[in-house]
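Student: Given the sequences, and given the hints that come with them, work out the whole structure.
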Amino acid sequence: MRQIAPIGRASVGCGPLIQPLTDTARPLRQQIFERVRAAGQMARVQLAKELCISPASVTTITSELIDAGLLEAVETLREGEGGRGRPAVALRVRPNTRLVVGIKLSDREHTAVLVDFAGTMLAGEAIPRDPGPMALDAILDAAERLLDRVCTRAGVAREAVEAVGLGVPGFVDCDSGVVHWSPVLLHRHVALQAALRARLGRTVFVDNDANLVTLAELWFGAGRRLSDFAVVTIEHGVGMGFVINHRIYRGSRGMGMELGHTKVQLDGALCRCGQRGCLEAYVADYALVREAQTALNLPLGEMQSVGVMLESLFDHAKAGNAAARSIFRRAGRYLAVGLSNIVNLFDPELIILSGERMRYDYLYASETLSEMHAMMLDTGRDAPQIETHAWGDLLWAHGAAALALHELTEHLLGPSRELAAE
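Here the sequence shown is numbered in my numbering, starting from 23 and rising by one per residue.
Think of the hints as simulated: they come from the structure by calculation, not from any bench. Source: prediction; values computed, not measured. Heads up, some of the hints might be wrong.
What the hints assert, rightly or not - Pair by pair, the computed Cβ-Cβ distance ranges are: (1) 81 with 387: 44 to 54 Å; (2) 157 with 405: 41 to 51 Å; (3) 291 with 179: 43 to 53 Å; (4) 391 with 179: 44 to 54 Å; (5) 174 with 405: 45 to 55 Å.
Note that the Cβ used here is the ideal one computed from N, Cα and C, for glycine as well.
Tutor: Next comes the structure, spelled out in structure tokens:
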């Protein structure tokens, strides 16, 4: 006889909230599982209604998922009955099982979260670091240290983690796990996924960090109910992720949407990728710091941390320093060019500007948006909504965890599993 969990508050769920009858390509068992996980909990009758299948089919498939340890039945209060009468029974993802870890490696600090298959965070960890590229062994050491520390904090064995998602800035081939260039790596064309699998003894998935922020918004944030939206990240670099029909778009080689390396000025400022005139070379942290050294009249060779330099530049701009204000103003104008290109190319419903730097607001947010509107095609329709999310680095690690959750779900329930079973 199956156990039924006691009455509790409904979970908010995680994952894309896909409208009924809009996604029928995946196996039915996967659709049922993901719909329950996205809702937090759901009754069988509602599953049958949304998927237009018989209650008997739902009962059969959900029984299999319960036997597999992926779902469990939970008692819920019937709506409008004030707690009287026999409780209703819903389904939810079984908590504290199928653990995954998400790791973000960056210029400033490395972060990690451990979550269960329902998307609940069980522990988080952050390790500060000195800026600059690292050798592969140092990267592997950092990832292993984070994995061990987050497992210790959650009180679970490292062997209980089934998959690790990892994000780095730069050019990442998600399918092969090769990092072709990253500011955190000394060398190019590094087979990071294979090296991490060998070091950690876990299944590993690697992606660009901007894609991970987008996955975090798709799984846990403002993008859960949207079919098409863009995320632009502005911090140490400029990145972009794009969701089309509830799925992140990576391009044919897994390296699309490199907004920061689109060209806005021929033979322009030097970008850290080695090319000139990239959007990032005018908008990112290091670009503003480069300009700030001149604007603030710092002695040659005197270098402060990026954070201290940006705070100082921002304070000078607020105080009316014309040179400091012009730096933010120019960055805002170049950002407007990038945003208008996104709108003209993709027509998203929402653009999310994400990153800790969003708190600076460029001093000229209204001017930036006005210039974006001026450069958009005039179709008579409203411009897409713009939201700013000044999240910390744990959001990036949550996106890495979402990558691991997605890939693990595909492995357990996706089309490849059904083909293997035939």
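Student: Now look at each hint and say whether the structure bears it out.
Tutor: Hint-by-hint comparison with the structure:
For the pair residue 81 and residue 387, the beta carbons lie near 53 Å from each other, so the given range of 44 to 54 Å is met. As the Cβ distance of residue 157 to residue 405 is approximately 45 Å, the hint placing it in 41 to 51 Å holds. The given range of 43 to 53 Å is respected by residue 291 and residue 179, whose C-beta atoms sit roughly 49 Å from each other. At roughly 50 Å, the beta carbons of residue 391 and residue 179 sit within the given window of 44 to 54 Å.
Roughly 48 Å separates the CB atoms of residue 174 and residue 405, a value that falls within the hinted 45 to 55 Å.
The structure agrees with every numbered hint stated previously.
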